[in-house]
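Protein chains in written order, with the numbering used here: chain H, 1 to 288; chain C, 289 to 389.
Note that these hints are calculated values from the structure, not bench results.
Check the hints yourself; a few may be wrong.
Said to hold, decoys possible - Cross-link-like lysine to any residue pairs, in silico, SDA-like; alpha carbons within 20 Å at most:
no., chain 1, residue 1, chain 2, residue 2
1, H, Lys266, H, Phe284
2, H, Lys6, C, Gly319
3, H, Lys266, H, Glu276
4, C, Lys341, H, Gly10
5, H, Lys241, H, Ser157
6, H, Lys186, H, Lys266
7, H, Lys9, C, Val309
8, H, Lys9, C, His317
9, C, Lys335, H, Leu181
10, H, Lys56, C, Lys352
11, H, Lys56, C, Lys341
12, H, Lys163, H, Phe284
13, H, Lys6, C, Ile360
14, H, Lys3, C, Thr349
15, H, Lys56, C, His317
16, H, Lys9, C, Lys352
17, H, Lys247, H, Tyr233
18, H, Lys61, C, His317
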Amino acid sequence: MYKIYKDSKGLVAHGVSACAGCGLELIIRNVLDVLGEDTIIVIPPGCSALFSGFGKETALKIAGIQGNLENTAAYAAGIKAGLQIQGNEHTTVLAFAGDGATVDIGIQALSGVMERRDKIVYVCYDNEAYMNTGIQGSSSTPLGANTTTTPTGKNTSRKDLIKIAEAHDIPYAATASVANLVDLRKKVQKAKDTDGPALLHIHTPCPTGWGFDTAKSIEISKEAVNTGAWILYEYEAGVRKISYKPKELRPISNYLKLQGRFKHLKENEIVEVQDEIVSRFHKFMSEL
Amino acid sequence: MQKQQETPTNMLENSKVLGPVATIFDSIHTGSWRLERPKVNFEACIKCGICEKNCPPNIITVHKDRVESVEIDWYYCKGCGICANECPKKCIAMVDERGEL
Ligand SMILES: Cc1ncc(C[n+]2csc(CCOP(=O)(O)OP(=O)(O)O)c2C)c(N)n1
Ligand code: SF4
Ligand code: SF4
Ligand code: SF4
Ligand SMILES: [Mg+2]
């Protein structure tokens, strides 16, 4: 379909202007590697649009459309309906959107998809702010994190996307992270095989927005999981299942101290963040 | 506006789609960003493939059958250092791009 100027090993070009060390770049490669060529992608504005390309050029070998921040899920549902009317049940329709495009601006379209049971795969890569426009806070920005719109640290907790999906009782929803790519790939495959909407919420380290050395992306994601700041789990057929349970939660400072966005936090504020993370984790465990 | 939107479309050879459409799959030269470069100590490498799996631009190939086991595509390597940070044998060092060979 495309004129190949510079080929790549997989479906994604190698030379894309995502920042060095970008977690999103690793996620889109793994997601598309599992879903395969028979996939149509919908991408809203945001860092993932770097992969849609500019003008005549694209960084993806599959068909796709660059939509709007408000309606990624609705675009995907429409494409799926069009395919179904043509008798095509095999093509996967993937919505691939950031946190701002999902938990804030596109939440209504996503809710519609989940209520109608549209058979699409929705991936929210969560870098915990509006990165592409200069690090504005979103409702995924965690407690205490500094962004350009929360200069003294965000004073509220993050929105729980999977719980919103659970409220719609969709057949499959899961969290994932670049901390465990094997687990991530398994969940993408499950999402693809699900009959109905499937939602993946993927923790996405962002060196530029979080303020850390580009080499530390994977290390930081692992700290997020081991401190309880990011819980890996699945919601399948009405049942929650933890994918990885740390033996003992490590102190949250292990995660916070690696990142510039938390460096303003005073001792008592670190304790507040610690309390929030631990109580969320215990509440989660008690509800399993 | 309409004229402008149709321009890229005219480049399509076998499809009549209206609107701005990308028809070229291409890459930029991200290797030019690099300030530091990963240097592998091949003697210590156990060819586990962890560096390859975690490289964001996916430009590492681990060859099990070669002494120089880890091949990196310098045209794209951004010098992020993830491969060095994740290597379990710590056999990748980040060296100054303009320094030693
Ligand atoms: C309705 C609307 N508001 C604002 C924008 C400007 N805008 C473009 S990309 C973007 C950031 C999106 O953030 P997110 O979805 O989290 O993706 P990220 O850039 O973090 O990858 C914004 C605010 C827009 N395109 N549409
Ligand atoms: S700002 Fe963050 S998410 Fe966006 S390309 Fe850079 S590292 Fe990736
Ligand atoms: S991670 Fe290290 S040991 Fe494993 S293949 Fe790469 S260089 Fe070799
Ligand atoms: S420095 Fe980064 S881009 Fe270069 S080979 Fe290592 S992981 Fe890949
Ligand atoms: Mg974001």
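Right, here's what the structure says about each hint:
In summary, the hint linking Lys266 of chain H to Phe284 of chain H is not supported, as the alpha carbons are separated by about 27 Å, beyond the 20 Å threshold. For the suggested pair Lys6 of chain H and Gly319 of chain C, the alpha carbons sit about 14 Å apart, so the restraint of at most 20 Å is met. At roughly 15 Å between alpha-carbon atoms, Lys266 of chain H and Glu276 of chain H fall within 20 Å of each other, so this suggested pair holds. Taken as a hint, the Lys341 of chain C and Gly10 of chain H pair is honoured in the structure, with Cα atoms around 13 Å apart against an allowance of 20 Å.
Our distance criterion of 20 Å between C-alpha atoms is broken by Lys241 of chain H and Ser157 of chain H, whose separation comes to about 23 Å. With a C-alpha separation of about 39 Å, the suggested pair Lys186 of chain H and Lys266 of chain H falls outside the 20 Å cut-off, and the hint is violated. Restraint check for Lys9 of chain H and Val309 of chain C: not satisfied, since their Cα atoms lie roughly 23 Å apart, outside the 20 Å limit. Annotation: proposed proximity of Lys9 of chain H to His317 of chain C holds, straight-line Cα distance about 16 Å (limit 20 Å).
For the proposed pair Lys335 of chain C and Leu181 of chain H, the alpha carbon gap of about 18 Å is at most 20 Å, so the pair holds. Under the criterion of a C-alpha separation no larger than 20 Å, the hint pairing Lys56 of chain H with Lys352 of chain C is inconsistent with the structure, at around 39 Å. This hinted pair does not check out: Lys56 of chain H and Lys341 of chain C have alpha carbons roughly 30 Å apart, beyond 20 Å. Of the pairs offered as hints, the one joining Lys163 of chain H and Phe284 of chain H holds, with about 11 Å between alpha carbons and a cut-off of 20 Å not exceeded.
This hinted pair checks out: Lys6 of chain H and Ile360 of chain C have alpha carbons roughly 17 Å apart, not beyond 20 Å. With a C-alpha separation of about 25 Å, the suggested pair Lys3 of chain H and Thr349 of chain C falls outside the 20 Å cut-off, and the hint is violated. As the CA atoms of Lys56 of chain H and His317 of chain C are separated by approximately 17 Å, the hinted pair is consistent with the 20 Å bound. Restraint check for Lys9 of chain H and Lys352 of chain C: satisfied, since their Cα atoms lie roughly 18 Å apart, inside the 20 Å limit.
A threshold of 20 Å between alpha carbons decides the hint, and for Lys247 of chain H with Tyr233 of chain H the separation of about 15 Å falls inside it, so the pair holds. Annotation: proposed proximity of Lys61 of chain H to His317 of chain C holds, straight-line Cα distance about 18 Å (limit 20 Å).
Checked against the numbered hints above, the structure breaks hints 1, 5, 6, 7, 10, 11 and 14 and satisfies the rest.
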